[in-house]
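Engineer: One-letter residues, chain by chain:
There are 2 protein chains.
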Amino acid sequence: MTGWLTIVGLGPGPEEWLTPQARRDLAEATDLVGYFPYVDRVPPGPQVRHASDNRVELDRARFALDLAAQGRKVAVVSGGDPGVFAMAAAVFEALDDPDAPPAWRTLDLRVDPGVSAMQAAAARAGAPLGHDFCAISLSDNLKPWDVVLKRLRLAAEADFVIALYNPISRARPWQLGAAFDALRAIRSPDTPVVLGRAVGREDEVMTITSLGAVQAEQADMKTLVIIGASHTRLVPRPNGQPWVYTPRHYRG
Amino acid sequence: MTGWLTIVGLGPGPEEWLTPQARRDLAEATDLVGYFPYVDRVPPGPQVRHASDNRVELDRARFALDLAAQGRKVAVVSGGDPGVFAMAAAVFEALDDPDAPPAWRTLDLRVDPGVSAMQAAAARAGAPLGHDFCAISLSDNLKPWDVVLKRLRLAAEADFVIALYNPISRARPWQLGAAFDALRAIRSPDTPVVLGRAVGREDEVMTITSLGAVQAEQADMKTLVIIGASHTRLVPRPNGQPWVYTPRHYRG
Numbered sequence: 001m002t003g004w005l006t007i008v009g010l011g012p013g014p015e016e017w018l019t020p021q022a023r024r025d026l027a028e029a030t031d032l033v034g035y036f037p038y039v040d041r042v043p044p045g046p047q048v049r050h051a052s053d054n055r056v057e058l059d060r061a062r063f064a065l066d067l068a069a070q071g072r073k074v075a076v077v078s079g080g081d082p083g084v085f086a087m088a089a090a091v092f093e094a095l096d097d098p099d100a101p102p103a104w105r106t107l108d109l110r111v112d113p114g115v116s117a118m119q120a121a122a123a124r125a126g127a128p129l130g131h132d133f134c135a136i137s138l139s140d141n142l143k144p145w146d147v148v149l150k151r152l153r154l155a156a157e158a159d160f161v162i163a164l165y166n167p168i169s170r171a172r173p174w175q176l177g178a179a180f181d182a183l184r185a186i187r188s189p190d191t192p193v194v195l196g197r198a199v200g201r202e203d204e205v206m207t208i209t210s211l212g213a214v215q216a217e218q219a220d221m222k223t224l225v226i227i228g229a230s231h232t233r234l235v236p237r238p239n240g241q242p243w244v245y246t247p248r249h250y251r252g
Numbered sequence: 001m002t003g004w005l006t007i008v009g010l011g012p013g014p015e016e017w018l019t020p021q022a023r024r025d026l027a028e029a030t031d032l033v034g035y036f037p038y039v040d041r042v043p044p045g046p047q048v049r050h051a052s053d054n055r056v057e058l059d060r061a062r063f064a065l066d067l068a069a070q071g072r073k074v075a076v077v078s079g080g081d082p083g084v085f086a087m088a089a090a091v092f093e094a095l096d097d098p099d100a101p102p103a104w105r106t107l108d109l110r111v112d113p114g115v116s117a118m119q120a121a122a123a124r125a126g127a128p129l130g131h132d133f134c135a136i137s138l139s140d141n142l143k144p145w146d147v148v149l150k151r152l153r154l155a156a157e158a159d160f161v162i163a164l165y166n167p168i169s170r171a172r173p174w175q176l177g178a179a180f181d182a183l184r185a186i187r188s189p190d191t192p193v194v195l196g197r198a199v200g201r202e203d204e205v206m207t208i209t210s211l212g213a214v215q216a217e218q219a220d221m222k223t224l225v226i227i228g229a230s231h232t233r234l235v236p237r238p239n240g241q242p243w244v245y246t247p248r249h250y251r252g
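Protein chains in written order, with this note's numbering: chain A, 1 to 252; chain B, 1 to 252.
You may find that some hints are simply not true.
Subject to a maximum C-alpha distance of 25 Å in a straight line, what follows is the list of computed DMTMM-like cross-link-like pairs (lysine to aspartate or glutamate) [said to hold, decoys possible]: (1) A:Lys150 <-> B:Asp66; (2) A:Lys150 <-> B:Glu217; (3) A:Lys150 <-> B:Asp146; (4) B:Lys150 <-> A:Asp190.
Counterexamples of contact, computed for chain B against chain A with all Cβ distances above 12 Å [stated by the list, open to error]: (5) Phe63; (6) Ala123; (7) Arg151; (8) Arg172; (9) Ser188; (10) Gln218.
By construction, these hints were calculated from the structure, which means they are not laboratory data. Note that the structure is a prediction, hence the values are computed from the model and not measured. A virtual CB, placed ideally from N, CA and C, is assigned to each residue, including glycine.
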C-alpha cells in the first residue's frame, strides 16, 4: 500500500506565497480533493480532480481518506493554512469517528502549513499582528452566537488584536455588524480596522478605517477583518492609506 | 533613488517552507539585515551581511531604513512570519518616531509574510489551531507580567486554544511555569499540550503531553507551546504520539 493523504495549504492565492513543499505535494498527488475554487487554483496536470461544494467538509474528508486507503496519493487542498479554520480539523474529525475504517488510522497522513489570510492582510497593512492577538471565526454555523459574543468581549477586555475569519455571507448577514457593535461598547472609535479583501488575488481591495466608521457592508465573504488593540497605531504613507502596526511594547 | 526595504519572513527554517516571494527578495537584495542566526540561514551570495545580536530590534530597524534611504536594496530577515512577534512591528515603530528622517517615509517598503512557528508546530501535531485561538508572547521584557497573566486568564475563560511565543529563556526562567499554573486553575489537567521545538530544523522535537503533566523545563527558547481548548482532542497514531486537533464545531 503506497497511498498517502496530505492536507495542503495553498496560501492566500498567488504562486509567490505557495510553499515549495505544497507545490511538490500537489505535483506528486494522483488525486486532488477540495472545495472547487481551491481545486481550480492548482495548475493543470495529470491529477484526478474531485471538486465539491462548500460546507461538506466532513464528507470530503471521508472521501479523501477512502481514496488514500485504496492506495491513491491524495492532496486535500485548502486555502491559506489548512490548520487555521480549514480542512485539517475536518480530516482529523473524520479519523476520530469510532466507526472509522481501521485502514484510515494507519495511513501516511501529513499537513503542509501555509500563509493564512490574516497574515497576508497584515503584511499588506503593515504589522497589525505585531503584539498579542486572537483569531475568531464569526460563523455561527459551527458554534452558538452567544459563544462568539462572549469571546469578542473577553478578547476586547484582554486587549488582543482581533482577526475575524468568515465575517459575513448571504446566509449570515447581520453577525459582523453585531460584532462591531459589541466591540464599540468596549474599544475606542479611533481603533484602527483593516479590511483585507482577496489579498494577493486580482480582486484585492485593502481598506484601512476605524471601529467608529466601519460598516459591515464594507466586507464580504472574501474579506479578512483585523481590529486593532488599544495601542495599535497608524503611520502616514506618502501615497494612499496609512500603515497600521501594533507596537511590540505594551504599558498596560 | 532605487532603494527599497522588505521585511522578509524566512518561515520556521527549512527551504521547503520558504515562499518564492521571500526567496526572490533575498536574491535581489544588496544587503541582509537581521539577528545573526537568521542572516546565517540565507544561502551564500553577493549580499552584504549585517548580522546583529538579539534584543536590538529598534537599532537594527533604523540601520536598515538608513541603508534603504541611501539607495540600497535591503532585506530585513526574520524567522517565521515577520508580522507575528517579529521584525515588522520594529520597523514601523522606527518609522513612527517623530524624529525619523523624512526620507524614510517615502521608501518603497514591504512585508513578505511567512509560515509562523505556531503553524509549523500545529501542522506536525495535527490541527490544534482548527478553532478560535490566540497567540501570546510570554516575554515580560515587552509588557508587565500582570498583563500576561490577565490575558492568560481571559483567554482561558474565552476557551481559546492558546499559542505561547517566547515561553522561556535564561533571563526569564519562571514565567512559563507560572503561566501553566494560572491555566491549571481554570482548564482541566487532561487538556492536550503541544511542545514544538525547532520544528522543521535538524534539532526538531515534538512532544504531546497534558496540562496536568507538562513541566516548564520541557521547553526552551526554541519551543512553541500550544495549550488546547476544552474540546481539543487526541487521536491515536499507530507509531508514536497521538494527533491533536480542535474540532471546528463548539457546543459551548
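Engineer: Take the hints in turn and mark each one as holding or not.
Structural biologist: Each hint tested on the structure:
no.	hint	result
1	A:Lys150 <-> B:Asp66	46 Å, violated
2	A:Lys150 <-> B:Glu217	34 Å, violated
3	A:Lys150 <-> B:Asp146	22 Å, holds
4	B:Lys150 <-> A:Asp190	24 Å, holds
5	Phe63	17 Å, holds
6	Ala123	4 Å, violated
7	Arg151	5 Å, violated
8	Arg172	15 Å, holds
9	Ser188	18 Å, holds
10	Gln218	22 Å, holds
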